[in-house]
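There are 2 protein chains.
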Amino acid sequence: MSIKIALLGFGTVASGVPFLLKENDEKISLAAQNKIEIAKVLVKDQAEKERLLAAGNDFNFVTDIEDILADPEIAIVVELMGRIEPARTFIRRALEAGKHVVTANKDLLAVHGSELLDLAQEKGLALYYEAAVAGGIPILRTLVNSLASDKISRVLGVVNGTSNFMMTKMVDEAWSYEQALEEAQRLGFAESDPTNDVDGIDAAYKMVILSQFAFGMDVKFEDVAHKGIRKITPEDVKVAQELGYVIKLVGSIEETQSGIVAEVTPTFLPKSHPLASVNGVMNAVFVESIGIGESMYYGPGAGQKPTATSVVADIIRIVRRLKDQTVGKAFNEYKRPVLLAQPEDIQSSYYFSILTPDQKGQALKIAEIFSKEDVSFKQILQQESENKQARLVIITHSINKNQFEKVTAALQSVADFELLNTFKVLGE
Amino acid sequence: MSIKIALLGFGTVASGVPFLLKENDEKISLAAQNKIEIAKVLVKDQAEKERLLAAGNDFNFVTDIEDILADPEIAIVVELMGRIEPARTFIRRALEAGKHVVTANKDLLAVHGSELLDLAQEKGLALYYEAAVAGGIPILRTLVNSLASDKISRVLGVVNGTSNFMMTKMVDEAWSYEQALEEAQRLGFAESDPTNDVDGIDAAYKMVILSQFAFGMDVKFEDVAHKGIRKITPEDVKVAQELGYVIKLVGSIEETQSGIVAEVTPTFLPKSHPLASVNGVMNAVFVESIGIGESMYYGPGAGQKPTATSVVADIIRIVRRLKDQTVGKAFNEYKRPVLLAQPEDIQSSYYFSILTPDQKGQALKIAEIFSKEDVSFKQILQQESENKQARLVIITHSINKNQFEKVTAALQSVADFELLNTFKVLGE
Chain A
1 MSIKIALLGF GTVASGVPFL LKENDEKISL AAQNKIEIAK VLVKDQAEKE
51 RLLAAGNDFN FVTDIEDILA DPEIAIVVEL MGRIEPARTF IRRALEAGKH
101 VVTANKDLLA VHGSELLDLA QEKGLALYYE AAVAGGIPIL RTLVNSLASD
151 KISRVLGVVN GTSNFMMTKM VDEAWSYEQA LEEAQRLGFA ESDPTNDVDG
201 IDAAYKMVIL SQFAFGMDVK FEDVAHKGIR KITPEDVKVA QELGYVIKLV
251 GSIEETQSGI VAEVTPTFLP KSHPLASVNG VMNAVFVESI GIGESMYYGP
301 GAGQKPTATS VVADIIRIVR RLKDQTVGKA FNEYKRPVLL AQPEDIQSSY
351 YFSILTPDQK GQALKIAEIF SKEDVSFKQI LQQESENKQA RLVIITHSIN
401 KNQFEKVTAA LQSVADFELL NTFKVLGE
Chain B
1 MSIKIALLGF GTVASGVPFL LKENDEKISL AAQNKIEIAK VLVKDQAEKE
51 RLLAAGNDFN FVTDIEDILA DPEIAIVVEL MGRIEPARTF IRRALEAGKH
101 VVTANKDLLA VHGSELLDLA QEKGLALYYE AAVAGGIPIL RTLVNSLASD
151 KISRVLGVVN GTSNFMMTKM VDEAWSYEQA LEEAQRLGFA ESDPTNDVDG
201 IDAAYKMVIL SQFAFGMDVK FEDVAHKGIR KITPEDVKVA QELGYVIKLV
251 GSIEETQSGI VAEVTPTFLP KSHPLASVNG VMNAVFVESI GIGESMYYGP
301 GAGQKPTATS VVADIIRIVR RLKDQTVGKA FNEYKRPVLL AQPEDIQSSY
351 YFSILTPDQK GQALKIAEIF SKEDVSFKQI LQQESENKQA RLVIITHSIN
401 KNQFEKVTAA LQSVADFELL NTFKVLGE
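Residue numbers (the UniProt record's numbering), protein chains in the order written: chain A, 1 to 428; chain B, 1 to 428.
Warning: the hint list may mix true and false statements.
The list makes no distinction among identical chains, and a pair is therefore deemed to hold if it is satisfied within one copy or across any two copies.
Stated by the list, open to error - Derived DSS-like pairs (lysine-lysine); straight-line CA-CA distance at most 30 Å:
#: 1; residue 1: K424; residue 2: K4
#: 2; residue 1: K35; residue 2: K151
#: 3; residue 1: K378; residue 2: K169
#: 4; residue 1: K372; residue 2: K22
#: 5; residue 1: K323; residue 2: K169
#: 6; residue 1: K123; residue 2: K227
#: 7; residue 1: K35; residue 2: K335
#: 8; residue 1: K372; residue 2: K335
#: 9; residue 1: K151; residue 2: K22
#: 10; residue 1: K271; residue 2: K35
#: 11; residue 1: K401; residue 2: K329
Hint data in this document are derived by calculation from the structure and do not stem from the laboratory. None of the values given here were measured: they were computed from a predicted structure.
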């Protein structure tokens, strides 16, 4: 017997699905206990259909979603079009038509996930999306299955390959942000408008989904503060290295006594931290928990075959559950009321880079500002700069978010000072 | 409703189980959709029972396995005694009594796994053992679920915490093997007889189990060649560093065109390889596959809470499957006929460290030996040694196992040469 599936979209990732189904047929059929057959593939229009056929693709391409929804033989719809519309409507309609759904669409899930998950639950259908977070890393299913026994206290993720590629170049080759972006665009890692990647938006989407799986809390995208890598300078990178750190764009979710806090921000990682050696377009999710302690899941965050591997793993799971008649189970059953942390419970060390006039007494003035908020220094570096200015770099001991906001505001209120950058610093 | 379980043994790992069941009760109960209750705990004798009770342990301790086997309310038996007997007999009897079994006993599974798995299968019972390989790293279930869609070509593992702790000290602190062993014993990482850890036996057990999950092949322990870290000298460590490598004890399983080859041996890892920064007692399993490409799973390989986390994850899975009435499924369903690789298909680069008389023409003599077997050099280093001897270090290009054996035999047959060490070298 074979289970028939339909693909929505036939871009890079989608074409990895037939590759795996063919190359790994024996193992996949054994795991699914069924053959999996791509019965139909939805493409945009007749022109795309003809182009794909001419290129030798031997699939039943259709241009109308109705051809798939109305086909009672198709059990699973695999959405790989990306973006919000028409993906959202097609997934809704597929669920309404009684079809199980697999998707890799993190934007959609982060923003409209709950409406789609509710609909799937109501219909007793599967809606799986392992590929939505860190493409090839099987982090979601691992959190669901293997870490069900563990209580997670913090998740740290290098989950945006584009920005990590750029940061790796900025650290290893001392490139500027602009040079790194140009190379990322040349290699096709960054889009012409790189906003989603370099401003931490893509990583914030992933934090929304990871919050649900790791902490059972449906944090809203708006509640994930995100700050990107645009403002990181070669000076920041250099001083980080001198002080024993590597800068990366890190997404974090932490449970404090009052609730959880999720954010994305450039972070100083101690060189010995396992995330510090995650380089290039590779991703990793680092988990701190009361049982395992520290564990890390490392792999490619995007790409045709890695993403298709996660998509096919979801398909296998659904096909197997169809056989076992247990298919209604939600992908993530861990649900708790959302509680967001109070600012006074959000603790971190911070890096401050401040431009001051090159005159006596500036360091003292700054020390007074920090001292007023009870913020003590772990490290302080003063560097000559151009134009009779000095650059002062401070790494604080652990402080709370209120202290951080107050010090930042105070520094910004002094006309002589220019607050160049503030980043989080992870302790050893 | 609650599901009753029994623990066999109440050592370090076992006492981590009630810790997790208590501290993570809410999440565990939600995942299992049942309360999990430790109904009985088997201890060795009355003296141990009294000692544990006096220490404030509030469990129903029993000293006779019959009290557990004959109790119809106990659904799951959790074996955490270690070693072969009586664990093997108790697991057999538990299965015969219709009880599901969870164990962390890698020695037992590597040597007698198939008889126990066959019995479980015959009885329609679960026999799960996530904790048996790399304690806190959920690698087995990840291979079963998430990598079902992928075809694995090679697995590399740093899976023995004791030897990795020692190697880390030998690399980072330039300690000798003896110094590292003494410190490992002082800290309780190594036993007074460290054979299993330092000779690669423990890692070889884990390769047996990983072969089953990653390649579907039930490789015998005897077919896993193992070579330990006893003979590694500070000179080996130093030259590795100079050439851009880190030495670690690495277990590997690789599929060649004729079959698979599993072995454990000290290996030169390029410094940039993700496994090279796995330090101290931490473990990691690095997977190469056609879909994901490269992925790594990192965490503690042993210890009370990490191991208990894997054990409780197994328990949750069984309890949930009892509810879903799908409990007969084998932990690992991937099975293929065992095919062992032919020596000519087993390819690797190697490191040779050779002591020669400090006379002209020695390097040429050695070059002739390598050349005769078509082995070319990637790197060669000559170092003055004591007693009018020179030390010659060679890293070859990729060669097959036959070539390696022939060169090794030829070097050993020359009375003037002393072949100090040969290790595998992983390419970039």
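Checklist entry - 30 Å Cα cut-off: does K271 pair with K35 within a copy, between copies, both or neither? => result neither (47 Å within a copy, 43 Å between copies)
Item to check | Within, between, both or neither, where K401 and K329 count as close if Cα-Cα is 30 Å or less | outcome: neither (39 Å within a copy, 49 Å between copies)
Item to check | Intra- versus inter-copy proximity for K169 and K378 (alpha-carbon distance at most 30 Å) | outcome: For K378 and K169, the Cα distance is within 30 Å both inside one copy (28 Å) and across copies (28 Å).
Checklist entry - Given identical chains, is K35 near K335, meaning Cα to Cα at most 30 Å, within a copy, between copies, both, or neither? => result Between. Shortest inter-copy distance 17 Å satisfies the 30 Å Cα cut-off; intra-copy 34 Å does not.
Item to check | Within, between, both or neither: K372, K22 at alpha-carbon 30 Å | outcome: neither (66 Å within a copy, 43 Å between copies)
Next on the checklist: At most 30 Å between CA atoms: does that hold for K323 and K169 within a copy, between copies, both, or neither?
Outcome noted: neither (48 Å within a copy, 51 Å between copies)
Item to check | 30 Å Cα threshold - placement of K335 relative to K372 | outcome: Classified as neither: same-chain Cα gap 41 Å, cross-chain 67 Å, threshold 30 Å.
Next on the checklist: At most 30 Å between alpha carbons: which applies to K123 and K227, within, between, both or neither?
Outcome noted: Result: close neither inside a copy nor across copies, 38 Å intra and 56 Å inter.
Checklist entry - Given a CA cutoff of 30 Å, do K35 and K151 count as a within-copy pair, a between-copy pair, both, or neither? => result between (37 Å within a copy, 17 Å between copies)
Checklist entry - Between the shortest in-copy and the shortest cross-copy C-alpha distance, which are at most 30 Å for K424 and K4: within, between, both, or neither? => result This pair counts as neither: shortest intra-copy Cα distance 49 Å, inter-copy 46 Å.
Checklist entry - Quick one: K151 to K22, C-alpha cut-off 30 Å, is that within a copy, between copies, both, or neither? => result Answer is between: at 11 Å across copies they meet the 30 Å cutoff, but 39 Å inside does not.
Of the numbered hints stated above, those contradicted by the structure are hints 1, 4, 5, 6, 8, 10 and 11, listed in ascending order.
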